[in-house]
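Asker: Below are the chains, spelled out letter by letter.
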Amino acid sequence: MADVINSPVATSEAHGHRALQHHFENMEQQREAGTLGMWVFLVTEIMFFGGMFLAYTLYRSKFPAAFASASNHLDIKLGAVNTGVLILSSFTMAMAVYFTQIGKRRPQILCLILTLVLGLTFLGIKGVEYHDKYRDHLIPGQLIASSPFLKNEAEAQHHGLHLLEGATLPQVEMFYWIYFAMTGMHALHMIIGAGLLTFLLIYSIKGRFDPEYHSPVEVIGLYWHFVDIVWIFLFPLLYLLGRHLEHG
Amino acid sequence: MSEHIVPVRIYVTIFLVLLVGTALTVVAAFQDFPWQLNTIVAMTIAITKATFVVLYFMHVRYSARLIWVIVASALFWLVIMFALTFSDYWTRGWIPSAY
Chain B
1396 MADVINSPVA
1406 TSEAHGHRAL
1416 QHHFENMEQQ
1426 REAGTLGMWV
1436 FLVTEIMFFG
1446 GMFLAYTLYR
1456 SKFPAAFASA
1466 SNHLDIKLGA
1476 VNTGVLILSS
1486 FTMAMAVYFT
1496 QIGKRRPQIL
1506 CLILTLVLGL
1516 TFLGIKGVEY
1526 HDKYRDHLIP
1536 GQLIASSPFL
1546 KNEAEAQHHG
1556 LHLLEGATLP
1566 QVEMFYWIYF
1576 AMTGMHALHM
1586 IIGAGLLTFL
1596 LIYSIKGRFD
1606 PEYHSPVEVI
1616 GLYWHFVDIV
1626 WIFLFPLLYL
1636 LGRHLEHG
Chain A
-15 MSEHIVPVRI
-5 YVTIFLVLLV
5 GTALTVVAAF
15 QDFPWQLNTI
25 VAMTIAITKA
35 TFVVLYFMHV
45 RYSARLIWVI
55 VASALFWLVI
65 MFALTFSDYW
75 TRGWIPSAY
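So the protein lines, in turn, are chains B and A. Start counting the first sequence at 1396; every next residue gets the next number (our numbering). Start counting the second sequence at -15; every next residue gets the next number (our numbering).
Some clues are possibly wrong.
Quick look at which bits of chain B chain A covers, simulated, 3 or more residues with Cβ under 8 Å [as the list claims (entries may be wrong)]:
no.	segment
1	1420 to 1432
2	1477 to 1490
3	1506 to 1515
4	1540 to 1551
5	1598 to 1606
Rather than coming from a laboratory, the hints here were simulated on the basis of the structure. Glycine is no exception: its CB is placed at the ideal position from the N, C-alpha and C atoms.
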């Protein structure tokens, strides 16, 4: 293979795969360029989410008690189940890439369907959690007129939000701005990911991918794993930070 | 094709490691560790999990040097962003200001 890459006569005409674009020497070069491009995009994504993690770190260091109080209102069971769902979907995505690489189309399609279903399950559970926050007046500001943010401590107690010592409601509201911004952007990435998976599914049913050409499966896999990683950090930072103070 | 195909056994192992990591982080969150140890434990587990995903699910362990450079550059700029921002916020009030 190395000889082919270095050989001046190795043109796309000589070793043509129907998916090979004219500006690449061969399929391997095309695949590596695609993967590299996806990683560069993921760097910009890391910086984008990094900005929100920065805001989180800053406000949590300023309002530790309020962040712990607000976090304790999140449903740890739903959060943990969702973490499991997302990890499982990352696994099935990795398996989809694997089956494409070895050219087994049926299990490849099955893995893509599973990944898509798990992704949608995650979004469904997230929706249940968002609805709980809506019910308990924890959507920041007046974004939703029928459910403005908690006005006073009595109302907070009534809705199951217990303020730890030193916490105030405006600070709790800050936590929820950050919570909705971060989980909302994460959910948007999941929705886009579900769209991309649908595209992959259609193309793999059409039989477009084979061991030589599977860059789309590989790079969308990279994106899907990245979204999983963001959640791996969001789960402990948003759901677990104040649990050890609950019983004190 | 010189592409490395990661064996299924490794994918299953990583999946189980990630599940155990999730369980550990939940259990650890309910322990009342001194000082900031709760956060440190949670972040250590999260970083470990993320590293496994990047190395194996995302194939970086078997990828070209160029991919390693790209991943490292992301972390490098992330550190710059955090370091410069907190060098401001953490040091505010250290010196009395006239304003």
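Asker: Decide, hint by hint, whether the structure agrees.
Answerer: Hints, one by one, checked against the model:
1. Coverage of a stretch by a chain is defined here by at least three residues with a beta carbon nearer than 8 Å to that chain's beta carbons; for the segment 1420 to 1432 of chain B and chain A the count is 6, and the condition holds.
2. Under the rule that three or more residues need a Cβ within less than 8 Å of chain A, the assignment of the segment 1477 to 1490 of chain B holds, with 9 such residues.
3. Using a Cβ-Cβ cut-off of 8 Å, 0 residues of the segment 1506 to 1515 of chain B lie near chain A, which falls short of the minimum of three, so the contact claim is violated.
4. Taking a C-beta to C-beta cut-off of 8 Å, the segment 1540 to 1551 of chain B contributes 0 residues in contact with chain A, too few for the three needed, and the coverage statement is violated.
5. Given a C-beta distance limit of less than 8 Å, the hint that chain A covers the segment 1598 to 1606 of chain B is violated, as 1 residues qualify and 3 are needed.
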